[in-house]
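Colleague: If you read the sequences in order, they're chains A and B.
Residue 132 in this note's numbering sits at position 132 of the first sequence; the count goes up by one each step and never skips.
Residue 5 in this note's numbering sits at position 5 of the second sequence; the count goes up by one each step and never skips.
Hints should not be assumed to be uniformly reliable.
With a straight-line cut-off of 27 Å between C-alpha atoms, the simulated DSS-like cross-links for lysine-lysine are [unchecked claim]:
1. B:K135 with A:K200
2. B:K54 with A:K156
3. B:K134 with A:K200
4. B:K135 with A:K175
5. B:K10 with A:K209
6. B:K7 with A:K175
7. A:K209 with B:K51
8. B:K64 with A:K175
Everything labelled a hint here was simulated from the structure, so no lab data went into it.
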Amino acid sequence: MKILAIESSCDETAVAVLEVNGQNYKVLANLVSSQINIHKKYGGIVPEVAARKHVENIIPLLEEAKITASDIDIIGVVNGPGLVTSLIVGLETAKTLSLLWQKPLVPVNHIKAHIQANWLKGDSGSLQNILFPAISLIVSGGHTSLVSLSDKCKFKVVGETRDDAVGEAFDKVAKLLDLGYPGGPIVSQKAINGDPHKYKLPRPMIDAKNFEFSFSGLKTAVRYEIDKIKTIDDQVIQDMSASFQQAAIEVLIKKTIKATQKYKAKSVLLGGGVSANNELRLQLEKAVDELDGVKFYQPDLELTTDNALMVAISAYFEYSENKAKYVNAWKKVKVNPNLEI
Amino acid sequence: MKKYICKNEKDTAELAKILVKKFKGGEIIALEGDLGAGKTTLTQYIGKEYKIKKITSPTFVLMKVYAINNAQCTIKNIVHVDCYRLDEVQELFYLGIEEYLNKPDTIVVIEWADKIKKYLKNFKKITWIKIKIKKNYRILEIKKT
Ligand SMILES: Nc1ncnc2c1ncn2[C@@H]1O[C@H](COP(=O)(O)OP(=O)(O)O)[C@@H](O)[C@H]1O
Ligand SMILES: [Mg+2]
Chain A
1 MKILAIESSC DETAVAVLEV NGQNYKVLAN LVSSQINIHK KYGGIVPEVA ARKHVENIIP
61 LLEEAKITAS DIDIIGVVNG PGLVTSLIVG LETAKTLSLL WQKPLVPVNH IKAHIQANWL
121 KGDSGSLQNI LFPAISLIVS GGHTSLVSLS DKCKFKVVGE TRDDAVGEAF DKVAKLLDLG
181 YPGGPIVSQK AINGDPHKYK LPRPMIDAKN FEFSFSGLKT AVRYEIDKIK TIDDQVIQDM
241 SASFQQAAIE VLIKKTIKAT QKYKAKSVLL GGGVSANNEL RLQLEKAVDE LDGVKFYQPD
301 LELTTDNALM VAISAYFEYS ENKAKYVNAW KKVKVNPNLE I
Chain B
1 MKKYICKNEK DTAELAKILV KKFKGGEIIA LEGDLGAGKT TLTQYIGKEY KIKKITSPTF
61 VLMKVYAINN AQCTIKNIVH VDCYRLDEVQ ELFYLGIEEY LNKPDTIVVI EWADKIKKYL
121 KNFKKITWIK IKIKKNYRIL EIKKT
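Generate the whole structure from the sequences, applying the supplied hints.
Modeller: Shown next, in the form of structure tokens:
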């Protein structure tokens, strides 16, 4: 089966074509057109600019993917969560193709797709054999959640952030340190040579009995620390970045491990934009390795940022569960900026 | 102008209670204050008064709409907007904010509202709240227009 997938929920426009035959898969196209340079100018995402760029990008990407109706079997598209104006561009394009080509349309949840990216490893091969139950830690600019999976498409949120998402906290700390956009990657870059124990920062909710997170207090604590320091030189920036990153990571890891134990998970899956963070990958892998009989999965680096390949695999899984549901779905599917898991 | 000192979150919760008591619907709460000042926290306490438990930062999606499930209450929605990542006023238009501002059954709370001060001049019933962050407390300056 060949899947055409489209993703336009935030600031990347992406198109992918994936072929799946039984357990084997092959990536036929995986294209991303990032707007990061445009948004750098503004220091953030501008919804209307983003939407306009999606419109400009999407047709060239589809042309570049070199697909025709006879090449594909189903179309997958993200319908939420994300920016409403951006989501509409991808969904309307997908609906049009679905009608024109008479192919089933599968709406995909962006967050679930981030989790399901873990079934892919490299450009071709066989789908990962992930054992259930599994626990997934989703970390991005808009989300921080622990999700339990009893099967590929059966998700249950077990904990979420109460305030800021962890990626948002990285971005805001970057702003406090005057580091520019996109803040998260710059903070982790600066952290490499910093001392993670230089500044005493809180680990919010680390010992709470639930699986909820809170990062607004950590952000505010960084602010207090910065206010105390006379000159913010590069050493301060490095140490503060490292101390903040360590505090955030420790909370994420401790809660993930606790959830893994409580739900007797056999697999731990990392996902979302912040999963590109090297320290998080290393430290979480180490912590999971210490548990008996639990396997750790993290997405390929190019699948941590928004992409359409994860949308393709997600559409494939969802479609395989209930084919009839998607035959004329183009008539009813709507965008939902606040779509939940 | 009124000034409130909030020494801790409990004080902020009290202030939210005072604000909510006066709401009749259609109000706009325009929040100003630096990162970590407590804009989202205040919004959460406003939400709590209406039994909305899970208000999270709208920075990423720019706008979140929460329904109030209470037949006795004439206010039906809380809309939580965040202008932190916005650059131009007209961007808000694309998010459909216009539908909600001054709508009789809706309260709109806007973080980083100072970024859209001019645009907000087109609307009434605005309460400006400027949060200043001090070492051990917050000062909240409240001004109605
Ligand atoms: N008096 C207070 N009022 C509100 N928040 C407070 C107060 N004192 C401490 N805080 C803390 O400050 C932080 C404010 O963060 P947040 O509400 O996310 O700020 P903002 O949305 O303005 O960036 C929270 O962690 C909160 O617990
Ligand atoms: Mg906030």
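Colleague: What hints, given by number in increasing order, does this structure fail?
Modeller: none
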